[in-house]
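Protein chains: 2
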Amino acid sequence: MILSVFYSRDTFLRIFKVLFICYTFAYPNFGFAQEIKSPDGHLVAHFSLSDSGEPAYDLWYKSKPVIKQSLLGFKLKDAPDLLSGFEVNETSQSTFDESWKPVWGEVKEIRNHYNQLMITLRQPKTKRLIQICFRLFNDGLGFRYGFPAQDSLNYFTIKEERTQFALAGDHKAFWLPGDYDTQEYSTITSDLSQVREKMKAAITPNVSQTPISATAVQTPIMMKSKDGLYINIHEAALVDYSCLSLELDDRNMVLESVLTPDVLGNKGYLQAPFQSPWRTIIVSDKAADILESKLVLNLNDPTQFKDVSWIKPIKYIGVWWEMITGKSTWSYTDLSNVQLGITDYLKTKPNGKHAANTLKVKSYIDFAAKHGFDAVLVEGWNQGWEDWFGQTKDYVFDFVTPYPDFDVKDLSSYASAKGVKIMMHHETSGSVRNYERHLDTAYKFMVDNGYNSVKSGYVGNILPRGEHHSGQWLVNHYLYAVKKAADYKIMVNGHEAVRPTGLSRTYPNLIGNESARGTEYEAFGGNNPDHTTILPFTRLIGGPMDYTPGIFETKLSKLNPGNNSSVNSTLARQLALYVTMYSPLQMAADLPENYERFEDAFQFIKDVAVDWDDTRVLEAEPGDYITIVRKAKGTNNWFAGSTCDEQGRTSSIKFDFLDVGKKYLATIYSDAKSAHFSNNPQAYQIKKLHVNSSSSLKIKCAPGGGYAISIIEIN
Amino acid sequence: MILSVFYSRDTFLRIFKVLFICYTFAYPNFGFAQEIKSPDGHLVAHFSLSDSGEPAYDLWYKSKPVIKQSLLGFKLKDAPDLLSGFEVNETSQSTFDESWKPVWGEVKEIRNHYNQLMITLRQPKTKRLIQICFRLFNDGLGFRYGFPAQDSLNYFTIKEERTQFALAGDHKAFWLPGDYDTQEYSTITSDLSQVREKMKAAITPNVSQTPISATAVQTPIMMKSKDGLYINIHEAALVDYSCLSLELDDRNMVLESVLTPDVLGNKGYLQAPFQSPWRTIIVSDKAADILESKLVLNLNDPTQFKDVSWIKPIKYIGVWWEMITGKSTWSYTDLSNVQLGITDYLKTKPNGKHAANTLKVKSYIDFAAKHGFDAVLVEGWNQGWEDWFGQTKDYVFDFVTPYPDFDVKDLSSYASAKGVKIMMHHETSGSVRNYERHLDTAYKFMVDNGYNSVKSGYVGNILPRGEHHSGQWLVNHYLYAVKKAADYKIMVNGHEAVRPTGLSRTYPNLIGNESARGTEYEAFGGNNPDHTTILPFTRLIGGPMDYTPGIFETKLSKLNPGNNSSVNSTLARQLALYVTMYSPLQMAADLPENYERFEDAFQFIKDVAVDWDDTRVLEAEPGDYITIVRKAKGTNNWFAGSTCDEQGRTSSIKFDFLDVGKKYLATIYSDAKSAHFSNNPQAYQIKKLHVNSSSSLKIKCAPGGGYAISIIEIN
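These protein sequence lines are chains A and B, in that order.
Note that the first sequence covers residues 1 to 715 in this note's numbering.
Note that the second sequence covers residues 1 to 715 in this note's numbering.
None of these hints come from the bench; they were simulated from the model.
There's no promise every hint is true.
Straight-line C-alpha distance at most 30 Å; calculated BS3-like pairs for lysine-lysine [as the list claims (entries may be wrong)]:
#	chain 1	residue 1	chain 2	residue 2
1	B	483	A	409
2	A	360	A	444
3	B	444	A	483
4	B	306	A	347
5	B	700	B	673
6	A	663	A	101
7	A	483	B	489
8	A	347	B	483
9	A	444	B	483
10	B	483	A	489
11	B	444	A	484
12	A	484	B	484
13	A	198	A	286
14	A	306	B	409
15	A	483	B	484
16	B	698	A	484
17	A	347	B	127
18	A	663	A	108
19	A	484	B	483
20	A	306	B	347
21	B	409	A	484
22	A	489	A	606
23	A	444	B	489
24	A	127	B	349
25	B	347	A	127
26	A	312	A	606
27	A	489	B	484
28	B	484	A	444
29	B	409	A	444
30	A	200	B	77
31	A	409	B	484
32	A	483	B	347
33	B	198	B	226
34	B	444	B	484
35	B	698	B	663
36	B	483	B	312
37	A	306	B	444
38	A	489	B	444
39	A	483	B	663
For reference, chain A alone in the conformation it holds in the complex:
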């Protein structure tokens, strides 16, 4: 249902005479303003235009300021700026309310309900038009810029976007250093005023990184105001545009857009007509609402895929953790230099530690089949891993040629006979021209050999050299790879790609991304114990993360004596992550032998669903704890997960989400009394009890701990 009200310029001016009076006191320098409200009336936003014709907006939640008057516009290259000198040309308001069903997701149906204000601005001196479209939902605001087709604005280059978020105070923030290449930082929790002093230590080494400034941060950024508002800022529908970061003015607490530059320092090459990605502000006085928000998805376009039957959530294991921990290698030899098509691997000396060999992969397939996993990821199967990294090597992989000890045909038929898929791995080493050149052949190879999903990787600096992981050039590439995958009915799980912005609504074969510090960092020194109490409020706002939980053996020296890392989590909490870290793609990342040591706990990983009809956030406080229950797709069974920080806590939950009158068997996987993420992570207990909709429970979570519950309907 769409309700639209179009105002003519005259009517509009009459309305604004009234509005002008209303806002004169609040906005002494702004001679023009228009208001919209969210459908429930709790959120109010204004668009305003200063006397010098600068566009601005503000946002209020239950009469509290969320965003104070904040300027909008663009600096252009070799053309007059689009910052001021505007007058209102036309406005229209409309209402939209519709429900849609995601191909996969946390809930069966999503309501997309908003009031829209569309402003068309004209810059008389240059005869140029721009549009700003505001959509106010009950859970927040989205707005984007439009550049209509017009004679006076055709091709143009963005020097910088000026989108401000003037915050109402020195909020507590959960932030990552702004970086044009990586999101693999630990989240820093601090007041905004402390960002500057904490930045240097926050910028930990990465194989490709370009920190932006002393106060720049990434989106999604999560904040909490002193008066209890939870505020999340991100973007939605990042298509053919460069990724947004935020520069903090830490005297005035204003966040301002910083787009990722290309190699020439330009921020975007646009052709009108064009619409920018949405800038999003999710806000509530309840932290749980942030986690339940579907605003980012709603701001993406519905999918145009006609057939989505081939897109299926995946629970998988993989030949991966043993390389990450250093127990095995991706490479087949210890050569320091190879050339594809020239190096004859049959004449080289194997290093004896190559994991992706036919025999081992078969044992993983056996394990997957035995325990009901959909797929086995295999990394390091293809030639080129000896010098794939850090050389900005152009022709680094061809994505189709296996090492001598990996028998593609044999494994394909073996997996197929066992009802298991092998998950393809395409590491690009950042060499995207090379990847695009091989993409059709690589995807066709997958189809020919029965692979239906691919984990792609972009480790290291980008080729074309000087381009950034988050720039317009790469943003275009990632989506190109996803769209082309769809032509082959292939699902994509992109690692080191740009942070997601809800594009999986439009392209549901984008079933996962990394784009943050995943479990692999537990093997590189460890993640903070509170890491998983923050990620759902930050990185996951844009889309699912392939976090790869499920590490049972937390002392990594047991896998590789040279690795002194420990996983900063209890075993019970590793189970919880399958629920708290939403993804349609979930890995059981540990070695099969470690699961066999803890078969009772492993049962939860085997049981837990990866697609859901419903989701409830029962408890949440960013940086402290998250407790979520989800209803498995097409069943009456629920799964709960709870994660907490290094403090530990007692979780109190009610089972009122269950159907009244039905009986359920709950199996509770929780930390033992003595459990602790650092010195006693494997102490867990498993209890079974009957529950119904009037049950409630208190469950103790160890420091860095948590729990998981399967709640199965008893017929």
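We have chain A; now place chain B onto it with these hints.
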């Protein structure tokens, strides 16, 4: 036949004690030297190593210095340079003599005969090895650098190549301004000492240009010494490396290598083992020998194509000159902004001047069939030409979607029925990522519709932005497009691509390049009258040029009243170019209606061959005149062409190239007495006479004129 002599280090040092004495006087600072001679002994080259371990070489022709002692080496980025501190590790000499048959060419068989000196140098401080390989032919010297596989030199980045050509004097030079993006300049003829003063005026506007410096020039550069030596410097086998230009030290008359940088300013990213392109010096005391040299082809690898039956020389016409002159348009509408897949051309207003419409193309096909042409080039057939240019537009063309008035299927079957091919046109607008993304689809579309050759174009600045037409990134691209074309049995004619370096030996489906100022510039203000007396000595040294001669109507205002250009050539000379400007791809570029006005002259274009068993350069002086006869493939018929500068002249030729005892009918197309390129270009005369091997002729060439002769054996 290969004869190799390997010297051990000891033997080698003993030899050098002798050589050292010989060269002590000539090279006071060089403590080491080794000599090679050309098979005929006329050329002598030395490799030498200074006391500080700097590698150098020199070259002598019949005891005259061609290249004085000139340094060799590399500056590297983030690594010690490869300039000095070398010692000789190993040397070997060998002789090679073999004949090979080109797939197409100026002669049936080419002799590849040289003496080779291979030097392996070691830099003890860094433990790195490099190699320098010299091949001395009777017609000149080629040398290249090699980087053997080694632990101490793996991946490396070139900051600059230091290859000097220390000339023996202030030669007369035929040069173009050095430029990283374009070769479409008029050749300047001047002494080397005048390059600096003439540079500014020489840099005429181009849509993509990056002049290098006040004294940098391009290769191939042609020079003539005051004592009568003709010297040509170029490169051969440019593969995965950036294109060479030459910086002139105009006090010492030393040319030194300047490689094309990438966007970061680096000159090349290499992985050992690697071999650089060859640096070539063709030299003789006869100008004709330069034109007959096959040194550049000989330094390229033999083709690995097993089937070459699909590669055929092409004589073609095209829907092209009418757009070049401004009579018609490439675009279908006058819109200023279109988006592929979004702009609905069926709803737009045609501009009425779109040339590539079905009806017109059919008339061109009719004309081609009637007059025996192999193909019709059609430009502007596909959507996107409204704003293709100068916008660095990424998704500018898709190479498969025709304008509404161009019926692909209808035209394909129409052309097929008439025995004519349509030549595809892929203008990339420099957007090479976009081109590569569509390449398979575009080539497949060609195969599906019966096209077997493509003219590709790279007009405007390159995407990825900041890369240059002559850089390593693009050099890699052009060859990628040619190799992939071979997979589809497609021949490529690349315009605005890097200047050729003989790669057509290895990839004979590369049947042409533009890469210089072609006939199109006659419609943009004109080419110098001596242009075609120089190009065979410069641009054509690297490979054939799609010069597109055959303009009969030289006053372009007759095609388009707004075009005041005149073709700076007589009509008779336009015919000569089919012989003097060697190419397996020859266009008759004028409109069919203009050929119908001059049917007697047109007969030569219809008769002339495009593939040859033999070639003789009868007269030649760069910048003044060239007279060539060629024997048509598989026949006893010969075709002669002569072109001269703005002075005019009388050409004297002997027919002693004809078989003794055979009779021939010569049809001579020459300038009329009153002809002149500027005020009477269309005055020509046609005479027929019988000739044999003892005949001789004097033929008057008008200023900017010339002649053509067909010499047909009488059975």
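Check your understanding: In ascending order, which of the hints set out earlier in this document are inconsistent with the structure?
Key -> Checked against the structure, the hints that fail are numbers 16 and 39, while the rest are satisfied.
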